[in-house]
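Novice: What follows is each chain in one-letter form.
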Amino acid sequence: MILEIRGLTKFFQRLAAVNDLNFLVERGTIKALIGPNGAGKTTTFNMVTGLLTPSRGSVFFKGEELTRRPPHVRAKKGLSRTFQIVRPFAEMSVLENVMVGCDMRTGSGLFSAAFRLPRCLKDERKVRRKAMEELEFVGLAGRANEPATSLPMGEQRVMEIARALASDPEIVLFDEPAAGLNENETGQLAKNLLRIKERGITILLVEHDMRLVMRVSDEVVVINYGSLIAEGPPSEIRANPEVITAYLGK
Amino acid sequence: MESTHLSQAVQFIFAGLTSGSIYALVALGFNMIYNVTLVVNLAQGEFLMLGAMTMISLYSGFKLPLPVALVLSTLIVGCVGILFDRFAIRPLKKPSIMLLILLTLGGSTFLKGVALLIWGKDPYTAPTFTKLKSISFLGASFSPQMLWIIGTLVVVSFVLWFFFERTLLGKAMRACAENPRAASLMGVNVKTFVMISFFLGGALGAVGGMLMAPVSFMVYDEGTMMGLKGFASAVLGGIGSYPGAVVGGLVLGLLESLSTGYVSSIFKDILAFVVLLLILVIKPTGLMKRSDE
Amino acid sequence: MIRAVPYLLFALFIYLLPALLAGSYWIHVLVIIGTYVIAATGVDLVVGFAGQLSLCQAAFFALGAYASAILTTTYHVDPMLALIIGMIFTGLVAYGVGAPVLRLKGYYLAIATLGFGLIIQSCLVTFASYTGGPDGFRDIVPLRMAGYIFKTDEQYYYPIWTVAMLILLLTRNIARSKVGRAMLALRGDDVAASAMGVDIARYKIQAFVLSAMYASLAGGLYAHSNRFISPQMADLSRSVEMIIMAVLGGIRTVFGVLIGTTIMKSIPEVLESFLDYQMVVTGAILIVLLLYMPQGLIGVVRAAVARLRRGGER
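Order-wise, the sequence lines are chains W, A and B. By the count of the working numbering, the first sequence reaches residue 344 at its end, each step adding exactly one. By the count of the working numbering, the second sequence reaches residue 671 at its end, each step adding exactly one. By the count of the working numbering, the third sequence reaches residue 315 at its end, each step adding exactly one.
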């Protein structure tokens, strides 16, 4: 198991947004986390990536507890992510944005940068090459030198995927990657998700678009009111009466 | 022996409450603007200086009766507040905290510069509001101006509390800061509210300055330090909290006068900022606010 | 290589300038500009790149100046060594303050650094037996290198501008590396930066400490070349002035810092009767700059060029 969520709980002013949530993510699979609006998906997501500290429970990554470690430490351990509302780095080109994703894999620091020591120049070349590779992988190489914020929203999302992949992560968490995409772009996204899986990278997907979830996921977790209500392969989930009730409301 | 100790302590405490009340008034002005616009106005101290200087000019220069000079100065500085917003803040297209801080700092420098051109570098003072010599209490003596200062703080804080907690207009103005879009959708005129808040912020600053003028000397750059200490008080009490501003100001004033009296005057000007730094690092939400989860 | 041409031309220009201005008062002004370029480059790094509004850069400048003055004049330490000790000392102070304070954001960070600056200024006034108090520190030992004593502005011009250009070069290198990217990323969006593995606390501290050391170096050089310093140089208004220097020309650009600093330090010289108007003008410049040209003069020129080109294509 690459990721283990154990008894995860988060209170906001005594209200449990997430309540005693348990699930596992198997290495090399695509797991989707779904649920109606306000079910606690984003809260869960933020606790896994380190933006929020859980009130109770723990997050294990590759058997190591990361519950209280800051986001950048999790990133270094191989846990990367994209954002629901795109968050490109302003004043930087697309390529530089992706390079930031890769930078933590190099060792040279302030001193060698200031004097442009060979170590730094070598790292720069390596990072640039890696970033270009990832841009090619997602099909955005042609835009490499444009300012990131000048890209249309759909392409900014694609850039975020490259940025997340640039650190050679073992798991990538996608926060509603299809939100705001048209049908064509969603199709492309589904292909990309499967290609990322082919590279042996595990995916945890929080998504609204049921068709996308059913198409790419190996397993689905459904939560409602902060608690798990079903878990299993897409075909099972689709037929689960409790899930249907949760979605249709009663 | 006992009684001199007591009278000394009383003297220090009253001195602390006096300067603390001024800090509190500045802090109230800060919060006034912050609560409606989310702008921390680092030129608040300059409003105070302008209030004092304008009042002195109107009273001693133009020989206007004191009440008229007081009211007129309050209105004038209130209008300076409106102009400040109109020309230094509102044109900002994409507000960011960094830009706002630098803008209000620029405004502060500009107002100081204007005051330098009008009043020069000379210190000015004003007569006390009442013609009593001095008041004795438990062996300590102090200027009657102190009663004006403390009394005004009490009245101003009550009026502010009443306005923002009990009147519809006040509540609407608060909603404006919390969610400007929702407020404007509900038919609230955000621009007018921002204008009112800058007017009141300027007026409050002026009141503090005018109260202070008879008990100290006012110079064109005197406002900066007062503004920063007032800001320290606001942070001490929790930015945005009116009771916090009063408590923060009084605590700071007392700390200053007691440390000057019993330890050393070296620390007087540093103390406020040491306290400020400690509060910021340990509990940025201030003494009076519960930190949210 | 071609990209280096403007920089080389600029260096050549700087080295030839004294020959053109021989004996002129402007050499003195240029020496001052050179020292402030060093400090403003630090501001550019911490404010422009890392996005941390530090309002105590003048205090670091003063710390460097006083460290150098006290060490050399009171304790007869070699000036070069004193400059280095001053930088290390200021760097340590910046680290000590920055570690807790840089966790703060926005208003709180600005106010904390502002408060720290005031504390330093007060200390300089208070500990008069070391610092000379409010009247300042007089008759500072001049700079001395391998037996050669620097006295005139002409003699200070070359070492100070060499150091200034070196600092600009090193900072440009840092800006174009992983470190610069990390700082820009955390400035733009610290949440996203952190999620992408950027240790934001570390890069904030790096920018802050480095900028403090630049300011300290500038202060030390100023102390020796000017031979008189006062607590006034730690004032908040000077920190604000340094920020204008970094922003006026064009933030995050080498030539922007040079242009901004040159303008800010030349204005009072151009109009000598300007002294009383200095505050009004400084305040007005800051307001107009931030409201109407946040990208600085270079930004205005670039936008105009872009508009012309677009017009030409049509």
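Treat the hints with care, as some may be off.
Stated by the list, open to error - Coverage of chain B stretches by chain A, computed from C-beta distances (three or more under 8 Å per stretch; other residues unrestricted):
no.	segment
1	84-93
2	119-127
3	130-138
4	237-251
The set of hints was computed from the structure by calculation and includes no laboratory data. Here a beta-carbon is modelled for each residue, glycine too, at the ideal position from N, C-alpha and C.
Novice: For each hint, tell me whether it holds in the structure or not.
Specialist: Evaluated hints:
Only residues whose beta carbon comes within less than 8 Å of a beta carbon in chain A count, and the segment 84-93 of chain B has 0; fewer than three means the coverage is violated. Counting residues of the segment 119-127 of chain B whose C-beta lies closer than 8 Å to any C-beta of chain A gives 5; at least three are required, and the coverage claim holds. Counting residues of the segment 130-138 of chain B whose C-beta sits closer than 8 Å to any C-beta of chain A gives 0, which falls short of three, so the coverage hint is violated. Coverage of the segment 237-251 of chain B by chain A holds [criterion: at least 3 residues with CB-CB distance below 8 Å; count 4].
Hints 1, 3 from the list above are not met by this structure, while the remaining hints are.
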